[in-house]
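Quick note on numbering: my numbering labels position 41 of the sequence shown as 405, and the sequence is numbered without any gaps.
Please note that the accuracy of each hint is not assured.
[What the hints assert, rightly or not] In silico PhoX-like cross-links for lysine-lysine, where the CA-CA straight-line distance does not exceed 25 Å:
| no. | residue 1 | residue 2 |
| --- | --- | --- |
| 1 | Lys473 | Lys507 |
| 2 | Lys424 | Lys473 |
| 3 | Lys423 | Lys473 |
These aren't lab readings, by the way, just hints derived from the structure by calculation.
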Amino acid sequence: SSGINAEWPLRPGDQIIATFPRSLSWVYLCGNKSLDVLPEKMEGEGIGLHRMEVYHVGKKAGLDSALLAALSRVEFNIAVFFSPSGVYYTAALLSQHLSSSCVLVAFGKSTAAAVDECFGGRFTVRVCRRPTPQSLCETVLAKPGDVDC
């Protein structure tokens with residue numbers, strides 16, 4: 365565990381900001397109903413984050429070209445999926461273009477099942493134990509071999 369706990373006096377988004385290494389960059393794959401709170405905080409603190417809306421009740425028009433453009437500009441260390449739809453809409457391109465060292469993070473069990481189905485063990489996959497910003501932070505910062513994130 366990264367040492368983050370429920371007694372920390374910071375709000376969950378602030379916990380991520382306070383503990384997240386500035387040397388890593390994220391591609392934040394989300395839907396049209398995703399809140400901007402965490403991405404805005406991270407960007408404001410200089411954390412490399414590229415927010416990409418990947419679905420809107422269906423695959424977003426122009427997704428493939430936008431995703432390819434983002435992948436050509438930045439080598440992402442982490443890809444976080446918040447829903448199975450985000451996995452299904454991006455898996456084909458991500459499989460071809462992400463570095464093998466990229467870590468895939470699933471925000472829950474159903475999303476993790478989609479990641480397993482689509483990526484078939486080609487990447488390190490971590491699953492948040494709880495759907496909270498704190499659990500996301502702990503999962504992203506877990507060391508290789510940590511199984512209780």
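Here is how each hint holds up against the structure:
| no. | hint | verdict |
| --- | --- | --- |
| 1 | Lys473 - Lys507 | holds, 20 Å |
| 2 | Lys424 - Lys473 | holds, 24 Å |
| 3 | Lys423 - Lys473 | holds, 22 Å |
This entry satisfies every hint, going by the numbered hints stated previously.
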